[in-house]
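Chains S and A supply the protein sequences, listed in that same order. Here the UniProt record's numbering is used: the first residue of the first sequence is 1, the next is one more, and so on. Here the UniProt record's numbering is used: the first residue of the second sequence is 1, the next is one more, and so on.
Source of the hints: derived by calculation from the structure; they are not laboratory data. It cannot be assumed that every hint is accurate.
Below 30 Å or equal to it, Euclidean Cα-Cα: the simulated DSSO-like pairs (lysine-lysine) are [claimed, not checked]: (1) S:28 x S:109; (2) A:28 x S:97; (3) S:282 x S:61; (4) A:415 x S:274.
2 protein chains.
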Amino acid sequence: MEANKLTVLGKQAQTAASQLAQLATAKKNELLEAMATSLIAHQTEILAANARDLAEATQLKQSFIDRLTLTADRLADMAAGMRQVAHLDDPIGNVDKMWRNEAGLLIGKQRVPLGVIGIIFEARPNVTADAAALCFKSGNAVMLRGGKEAIQTNIAVSNALRSALEEQQVDANAIQMVTDTTHESANEMMQLVGYINVLIPRGSQRLIQHVVETAKVPVIETGAGNCHIYVDSDADLQMAIDITVNAKVQRPSVCNSAEKLVIHSAVAQNYLPKIAAALAEKDVQLRGDDRACSIVPNMIKADEEDWSTEYNDLIMAVKVVDSEDEAIAHINRYNTKHSEAIITNNYQNGQTFLQQIDAACVYINASTRFTDGFEFGFGAEIGISTQKLHARGPMGLNELTSIKYIIYGNGQVRK
Amino acid sequence: MEANKLTVLGKQAQTAASQLAQLATAKKNELLEAMATSLIAHQTEILAANARDLAEATQLKQSFIDRLTLTADRLADMAAGMRQVAHLDDPIGNVDKMWRNEAGLLIGKQRVPLGVIGIIFEARPNVTADAAALCFKSGNAVMLRGGKEAIQTNIAVSNALRSALEEQQVDANAIQMVTDTTHESANEMMQLVGYINVLIPRGSQRLIQHVVETAKVPVIETGAGNCHIYVDSDADLQMAIDITVNAKVQRPSVCNSAEKLVIHSAVAQNYLPKIAAALAEKDVQLRGDDRACSIVPNMIKADEEDWSTEYNDLIMAVKVVDSEDEAIAHINRYNTKHSEAIITNNYQNGQTFLQQIDAACVYINASTRFTDGFEFGFGAEIGISTQKLHARGPMGLNELTSIKYIIYGNGQVRK
Numbered sequence: 001m002e003a004n005k006l007t008v009l010g011k012q013a014q015t016a017a018s019q020l021a022q023l024a025t026a027k028k029n030e031l032l033e034a035m036a037t038s039l040i041a042h043q044t045e046i047l048a049a050n051a052r053d054l055a056e057a058t059q060l061k062q063s064f065i066d067r068l069t070l071t072a073d074r075l076a077d078m079a080a081g082m083r084q085v086a087h088l089d090d091p092i093g094n095v096d097k098m099w100r101n102e103a104g105l106l107i108g109k110q111r112v113p114l115g116v117i118g119i120i121f122e123a124r125p126n127v128t129a130d131a132a133a134l135c136f137k138s139g140n141a142v143m144l145r146g147g148k149e150a151i152q153t154n155i156a157v158s159n160a161l162r163s164a165l166e167e168q169q170v171d172a173n174a175i176q177m178v179t180d181t182t183h184e185s186a187n188e189m190m191q192l193v194g195y196i197n198v199l200i201p202r203g204s205q206r207l208i209q210h211v212v213e214t215a216k217v218p219v220i221e222t223g224a225g226n227c228h229i230y231v232d233s234d235a236d237l238q239m240a241i242d243i244t245v246n247a248k249v250q251r252p253s254v255c256n257s258a259e260k261l262v263i264h265s266a267v268a269q270n271y272l273p274k275i276a277a278a279l280a281e282k283d284v285q286l287r288g289d290d291r292a293c294s295i296v297p298n299m300i301k302a303d304e305e306d307w308s309t310e311y312n313d314l315i316m317a318v319k320v321v322d323s324e325d326e327a328i329a330h331i332n333r334y335n336t337k338h339s340e341a342i343i344t345n346n347y348q349n350g351q352t353f354l355q356q357i358d359a360a361c362v363y364i365n366a367s368t369r370f371t372d373g374f375e376f377g378f379g380a381e382i383g384i385s386t387q388k389l390h391a392r393g394p395m396g397l398n399e400l401t402s403i404k405y406i407i408y409g410n411g412q413v414r415k
Numbered sequence: 001m002e003a004n005k006l007t008v009l010g011k012q013a014q015t016a017a018s019q020l021a022q023l024a025t026a027k028k029n030e031l032l033e034a035m036a037t038s039l040i041a042h043q044t045e046i047l048a049a050n051a052r053d054l055a056e057a058t059q060l061k062q063s064f065i066d067r068l069t070l071t072a073d074r075l076a077d078m079a080a081g082m083r084q085v086a087h088l089d090d091p092i093g094n095v096d097k098m099w100r101n102e103a104g105l106l107i108g109k110q111r112v113p114l115g116v117i118g119i120i121f122e123a124r125p126n127v128t129a130d131a132a133a134l135c136f137k138s139g140n141a142v143m144l145r146g147g148k149e150a151i152q153t154n155i156a157v158s159n160a161l162r163s164a165l166e167e168q169q170v171d172a173n174a175i176q177m178v179t180d181t182t183h184e185s186a187n188e189m190m191q192l193v194g195y196i197n198v199l200i201p202r203g204s205q206r207l208i209q210h211v212v213e214t215a216k217v218p219v220i221e222t223g224a225g226n227c228h229i230y231v232d233s234d235a236d237l238q239m240a241i242d243i244t245v246n247a248k249v250q251r252p253s254v255c256n257s258a259e260k261l262v263i264h265s266a267v268a269q270n271y272l273p274k275i276a277a278a279l280a281e282k283d284v285q286l287r288g289d290d291r292a293c294s295i296v297p298n299m300i301k302a303d304e305e306d307w308s309t310e311y312n313d314l315i316m317a318v319k320v321v322d323s324e325d326e327a328i329a330h331i332n333r334y335n336t337k338h339s340e341a342i343i344t345n346n347y348q349n350g351q352t353f354l355q356q357i358d359a360a361c362v363y364i365n366a367s368t369r370f371t372d373g374f375e376f377g378f379g380a381e382i383g384i385s386t387q388k389l390h391a392r393g394p395m396g397l398n399e400l401t402s403i404k405y406i407i408y409g410n411g412q413v414r415k
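Given only the sequences and the hints, what does the whole structure look like? Please build it.
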């Protein structure tokens, strides 16, 4: 590709972002509705483009094909998702707090857009509409760079969205699809300092790691979840079974599902066989340390690598510990700072776990599966941050904003 | 240097950070007092080390020598600064908000430390104590990497701080000084992904740009301030004179001083000669566009480069505009997103300026010199962020924190 093509896109996106930052909430909502309508109006072209992508797909794994495939129903869901975003509260312009300083200045901390958000994602065309809607509502221009396997679908979807903006004389560069799907284009995008205010990779751990290690623009790291359920000595057995089974099997492929069971030795002899049986009923393969294996017959022996592995599958590794401290040390050593839960009826043990575990979301007596922007009540989610800078945990519209200080004076000068 | 020496320091810092995150506020305050006392107790060694640095200084510019020089008084100021930080509110542990979600979970957004903060700075030994105090109070370990010209002083200062921690059996690696001052050590520090949670460069624009362009760890960009005063058609003349003079001359070397004057043509003929005379009285050199030069005799002609230059000196460039829109477009094009001010008595023009200017701090009728953590009432400042991610504007203790969600359940599983 031409050396500076992405720079051109970046400049266009910044210009569009300046316009978008000034749009009233009602206008943004109207445009989101228009984009949703346009998606349906362009159904024929979009599904045709998707059929071409599917015909050219070289990877035939069922889960891959499933993610890539669009249908009339799925397109309707995408449009409905955009309309939902129109109904969410707009964070832009809100003043989080305002105070008077010693000199008499009235200082307000006001929410403003970040500017241009880059999204690098894999072959999931629904991300195009989702991400565009959330970025647009929060006043940000978006540069989308999807996987090459979905490029024809992605272009058709983004063209449908852009045409709705053009019809209302709004700069369509608020939503840009990078049509060059070479590695070079992704790498160039990661270097667009001054044009991309934040880059959010969405997809496999490999993709995310590559972006974190390569990008010069600010990145929000999302995703990886090596989540633990710790069953304390004071845990309720039935609750331990219900939460462990839910956290492991309700949707094993996602980042907030549990991958590890840590159990206190005081209850392991009694509880572990029952938890293991409930998991076995759901076809979960268990891998244990020596003590877990000695309690549950036929459990596979876990090796060192298991403790840090995110299976995203019906597999769970089990470790027996002699104290909460040991559980906390194990979790803090191997977790990915995503979501961790303790099952306990002991007040102090619960508080200690909340205090000492280093993770975006720490639970007492609940499933890790709740780590989600919708479940948290944000009404949306662009991803789950596992880093500490800017945003941590589920990211909704508010996490796509920055602030500026607006300051009302009456002639103050600094002494 | 050895390839992995900084990695070792990074690991030690992360271990210390885990301990520090758990310290109670009272303990942290007690340790800050002890560190302040230790600074004074080690005065002889510190001043001797400083004398060696000064004797070896090859750069003899007065401002450089002045920044590098420590005296008993300056050391007392550093100690007093640390004691002041002990008196600030501790943000750690505060729950910004807490709500119940649909499933009945009680979800709280709690302030936690970032972890390990890296600071790369130039030859200002006071930064060592300042930054160490702010990072320590906010529960963060700090890796300090100062300029080679001050290295003996920096080591003496950090040893004094560390000895106070050691005496109270707290991990002294909470405060680390990188003793290798080669470029390689700085570059390695910028690559310590997983060990440094955020890197804050403090110093010249060249240093900051190098860090932003080189670092793989998350960076907060601070500093550059090409700040404007816009005198609107409805401005009060005396206020325009007072604020422009204050913003330009009260401390011209700092980032929140004004570098540019933009003035509406409706008042330029009358106001500009008077503002120029007031600035000339303070030895400010003015550089104007054609119209400004035609109004004020003997004004130097500004060239294109002037509009984007941060002089940090008694120089100011002047542009005459025909509308507020033109002023806003000019400022948004050339500013560094730091601090901008309008002088106006027109309600709508003030509101428009606040809304449309893209900068960390936007003022009506006040000097840009107020952009400062102390003036804002934060009680401290580690720098002024000119980026939009994580923190923008003056950064106090709160900006050195992240959050975690603490979630209280009673057996909830995801449907």
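Distance restraint between residue 28 of chain S and residue 109 of chain S, which requires alpha-carbon spacing of 30 Å or less: 22 Å, holds
Between residue 415 of chain A and residue 274 of chain S, does the CA-CA distance stay at or below 30 Å? Cα-Cα ~22 Å, so holds.
Distance restraint between residue 282 of chain S and residue 61 of chain S, which requires alpha-carbon spacing of 30 Å or less: At roughly 23 Å apart (the allowed maximum being 30 Å), residue 61 of chain S and residue 282 of chain S satisfy the hint.
Compare the distance between the alpha carbons of residue 28 of chain A and residue 97 of chain S with 30 Å, and conclude whether the hinted pair is satisfied. The hint holds at about 28 Å.
Violation of the numbered hints given earlier is absent; every hint is satisfied by the structure.
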